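6 protein chains.
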Amino acid sequence: MKLPKLITTVYAHCDLMCGVYDPAQARIEAQSVYNAAKKYADSKDPVFKQRAVQIKEERAQLAKEHLWVLWTDYFKPEHVEKFPQLHDLFWRATKAAGEAKKSMEVTAAEDLIKLVDEIGGIFAQTKPGYDYDAVRKNAELQAA
Amino acid sequence: MKLPKLITTVYAHCDLMCGVYDPAQARIEAQSVYNAAKKYADSKDPVFKQRAVQIKEERAQLAKEHLWVLWTDYFKPEHVEKFPQLHDLFWRATKAAGEAKKSMEVTAAEDLIKLVDEIGGIFAQTKPGYDYDAVRKNAELQAA
Amino acid sequence: MKLPKLITTVYAHCDLMCGVYDPAQARIEAQSVYNAAKKYADSKDPVFKQRAVQIKEERAQLAKEHLWVLWTDYFKPEHVEKFPQLHDLFWRATKAAGEAKKSMEVTAAEDLIKLVDEIGGIFAQTKPGYDYDAVRKNAELQAA
Amino acid sequence: MKLPKLITTVYAHCDLMCGVYDPAQARIEAQSVYNAAKKYADSKDPVFKQRAVQIKEERAQLAKEHLWVLWTDYFKPEHVEKFPQLHDLFWRATKAAGEAKKSMEVTAAEDLIKLVDEIGGIFAQTKPGYDYDAVRKNAELQAA
Amino acid sequence: MKLPKLITTVYAHCDLMCGVYDPAQARIEAQSVYNAAKKYADSKDPVFKQRAVQIKEERAQLAKEHLWVLWTDYFKPEHVEKFPQLHDLFWRATKAAGEAKKSMEVTAAEDLIKLVDEIGGIFAQTKPGYDYDAVRKNAELQAA
Amino acid sequence: MKLPKLITTVYAHCDLMCGVYDPAQARIEAQSVYNAAKKYADSKDPVFKQRAVQIKEERAQLAKEHLWVLWTDYFKPEHVEKFPQLHDLFWRATKAAGEAKKSMEVTAAEDLIKLVDEIGGIFAQTKPGYDYDAVRKNAELQAA
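Chains as they are written, first to last, in the numbering used here: chain A, 89 to 232; chain B, 89 to 232; chain C, 89 to 232; chain D, 89 to 232; chain E, 89 to 232; chain F, 89 to 232.
Derived by calculation from the structure, the hints in this document are not laboratory data. Quantities reported herein were computed from a predicted structural model and do not represent experimental measurements. Hints may contain errors.
What the hints assert, rightly or not - List time: in silico EDC-like cross-link candidates among lysine to aspartate or glutamate, alpha-carbon distance up to 16 Å:
1) Lys137/B / Glu145/D
2) Lys225/A / Asp219/F
3) Lys132/E / Glu145/E
4) Lys137/A / Glu145/E
5) Lys170/F / Asp176/E
6) Lys215/E / Asp133/D
7) Lys215/D / Glu228/E
8) Lys225/E / Asp219/D
9) Lys164/C / Asp221/D
10) Lys170/D / Glu206/D
11) Lys190/D / Asp161/C
12) Lys126/C / Glu193/C
13) Lys164/E / Asp221/F
14) Lys137/C / Glu198/A
15) Lys225/A / Glu193/A
16) Lys225/E / Asp176/D
17) Lys215/B / Glu166/B
18) Lys190/F / Glu145/F
19) Lys190/D / Asp133/B
20) Lys225/C / Asp176/B
21) Lys137/F / Asp219/D
22) Lys170/C / Glu145/D
23) Lys225/A / Asp221/F
24) Lys215/F / Asp176/A
25) Lys170/B / Asp176/A
26) Lys202/B / Glu166/B
27) Lys137/E / Glu145/C
28) Lys190/F / Asp161/E
To be verified - Take a look, some chain F residues computed to stay more than 12 Å from chain A by CB distance:
29) Tyr122
30) Lys170
31) Asp176
32) Ser191
33) Glu193
34) Lys215
35) Pro216
36) Val223
37) Leu229
Cβ coordinates follow ideal geometry from the N, Cα and C atoms, glycine included.
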């Protein structure tokens, strides 16, 4: 059968040349999305508000991309066995990033952050010694 | 409960502002990956071979990105219900794009094309009138 | 004489390493431009309208780039001999992409689509078996 | 008749919002292409040579893009009337940029520079006071 | 001692493979920033104004990036010795590019241009024969 | 006097709309540079080695860009007063990123990491509660 063999090969090759994966990258961008939504809500200057919409869009796109890379490149079949919710969780998290582009509600950014944190928690379970709490706290320090 | 509500909202918003989704974009890039692998194998010129590795890498990255966008932005909960293999299929397809970066084997590109075609077939089933066969034939015409 | 020699060399090298060229890429982006203009016109939500302007701008830029690549990289001197309008057609098509950035009129997007379709028709004549009608129909299925 | 009307509109709109166009951008990148080809030829270090191929590729792509923008966005119908060779000149120049990616010969970079200079000369004729000679001399100062 | 050694190495390697550096690139983008701010001020069309904000943002970003590259890649320890204001000048110039994103005032763009011109003057002193005055005049010709 | 006033304005505006700044972004990319250099040294597969050179180049570029953004956008005049070495430190760190592109030595990546860590330590001093040690440890966990 073809596909299981393919996955095995991917896994083997990845051991040779996987890069550095870190949910901090998505978490930092998600924080920027939140800050932009917050500042949008607090401002009355139309140019500032336009720029906040635009910057939020770019940051949500980056959060989405970092999440996609984690999903496809970092996680492996044995992780999916252990965390069967993984595919659906990433799907909802990347959809939440899309939603955070469309909506100016601060709650849309909060939904994104919550899902990234859920992914960060799973990531930490797969990598002994990784401190996701520090990542979250560092990001929260920078809240608008 | 939070998350089902989120998905519903995403779905509703997407009806207002979803773009144009077309698996032809991923299929065209997958063909480029195949052509680059083929030309790499057929050449003895070291600079040509270096450029083939590089161009294959870029094209596989684009195939991966087009697949991620389809997965997150086009497909909706009711599609996943009807095609329960969807998440795993996209995971294997984007991993195959990664594999096609790493490997110079033409078979790695063929694996990617097969998975993109499987996704294209499902896409066509969700969009009455969409002709994925023509997409595939147009791409194959351009095979190296 | 220098330049004819240059062109001959380009042609020869291109046979060794040309990628995959497909007017479907420009056609898909032109459809996105049309959809964004349509949705802009139909909406009263200022943030939605801002995002439609921005997304239309990005998609028109991609349409422009795909057209430039086709013009420079795919078409060769013998095509220009057979289709003497080619240079002017691409010039007008890429200018129409620029115009579709500036104007919020749906007709600007329609002008772009018409010119891309004209190019697609010529492309099909240079590549026996290529089905541009299917490309056009697949794109129209996704009209806003 | 449709198309002449389109062109007129483009022209009018461009007067309202055209950016800053300057052939110096393409000339600088063409110089980088030349320097990379020169340094490639002069080196025996394989990593250095690989990087020179890659950097040359990126710089030639930028030269190509700057040329495309000049062609589509700066030049207008009355310029084409006055300089009937314009379309063909830009086609050859952007093809020369492609050739300068493929070939490691210094002469390929020289061909590109010659064509960019020809375009720069025409540009200067359309913009009284523009000093293209200074652009050329500044670039030549930085030759490898 | 570690760091002086590092700098020496950088300097030596850079002699082998430095690219082409030219303050004209930053100056051209700074002129675009100015033109966009001017046109924003002169227009009453809300879509045009939105696009001017966005285009100004992108051009200021490019000016910033060209300045960073000059600072890190072109200038060397002996230049900093001769022009001790160099670090602070680049810091203020890149901050002025950021300011020119935020502010719609034409004076913000003028501040950026003045700092780029100051850098261009220093650059010319480090490169005998380089004509920065021509760069400035060419850019000014294209003022909105 | 002009410039001090400019800086004051920048500072004030930044309070309204600065994003999220985090040295973790540069640290993660610096770790990737290190891993790529390490894997390059350990491999005998020429395609793998080519890809390691290329990936190292891209990651070093991202490290450089994250550093530039921190320098220009996060740090303010009062920080420079308190940490007078700041400009020179960033200059050496971004030059070390350039050096880590050129050199295949693992020590070049180590030099970059050391300078990023020095910047991270200063950043932590300017932001009470920020845990740079956790950032460093998380990155080191992913060493090749």
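Consistency of the hints with the structure:
1. Lys137/B / Glu145/D: holds (14 Å)
2. Lys225/A / Asp219/F: Satisfied, since the Cα-Cα distance of roughly 8 Å is no more than 16 Å.
3. Lys132/E / Glu145/E: Since the Cα atoms of Lys132/E and Glu145/E sit roughly 19 Å apart, the hinted pair is violated (cutoff 16 Å).
4. Lys137/A / Glu145/E: Distance of about 14 Å is within 16 Å: holds.
5. Lys170/F / Asp176/E: The hint holds at about 15 Å.
6. Lys215/E / Asp133/D: violated (28 Å)
7. Lys215/D / Glu228/E: Holds: Lys215/D and Glu228/E sit about 12 Å apart, inside 16 Å.
8. Lys225/E / Asp219/D: holds (8 Å)
9. Lys164/C / Asp221/D: Measuring from Cα to Cα gives roughly 32 Å; hence the hint is violated.
10. Lys170/D / Glu206/D: OK: Lys170/D and Glu206/D at ~15 Å, within 16 Å.
11. Lys190/D / Asp161/C: With Cα atoms ~12 Å apart, Lys190/D and Asp161/C stay inside 16 Å; holds.
12. Lys126/C / Glu193/C: holds (8 Å)
13. Lys164/E / Asp221/F: violated (32 Å)
14. Lys137/C / Glu198/A: violated (24 Å)
15. Lys225/A / Glu193/A: violated (23 Å)
16. Lys225/E / Asp176/D: violated (30 Å)
17. Lys215/B / Glu166/B: holds (13 Å)
18. Lys190/F / Glu145/F: Judged against 16 Å, a Cα distance of about 8 Å means the pair holds.
19. Lys190/D / Asp133/B: Measuring from Cα to Cα gives roughly 11 Å; hence the hint holds.
20. Lys225/C / Asp176/B: Violated. Lys225/C to Asp176/B sits at ~30 Å, over the 16 Å cutoff.
21. Lys137/F / Asp219/D: Violated, because 46 Å separates the two Cα atoms, which is more than 16 Å.
22. Lys170/C / Glu145/D: violated (31 Å)
23. Lys225/A / Asp221/F: Holds, at roughly 13 Å.
24. Lys215/F / Asp176/A: Given pair Lys215/F, Asp176/A is violated - Cα atoms ~36 Å apart, limit 16 Å.
25. Lys170/B / Asp176/A: holds (15 Å)
26. Lys202/B / Glu166/B: violated (24 Å)
27. Lys137/E / Glu145/C: The hint holds at about 14 Å.
28. Lys190/F / Asp161/E: holds (12 Å)
29. Tyr122: Per Cβ check, Tyr122/F is inside 12 Å of chain A; nearest 9 Å; violated.
30. Lys170: holds (19 Å)
31. Asp176: holds (26 Å)
32. Ser191: holds (19 Å)
33. Glu193: holds (19 Å)
34. Lys215: Incorrect as stated: the minimum Cβ-Cβ distance to chain A is 6 Å, not above 12 Å.
35. Pro216: Violated, because the least Cβ-Cβ distance between Pro216/F and chain A comes to about 8 Å, which does not exceed 12 Å.
36. Val223: violated (7 Å)
37. Leu229: Violated: least Cβ distance 5 Å, not greater than 12 Å.
Of the numbered hints listed earlier, those contradicted by the structure are 3, 6, 9, 13, 14, 15, 16, 20, 21, 22, 24, 26, 29, 34, 35, 36, 37.
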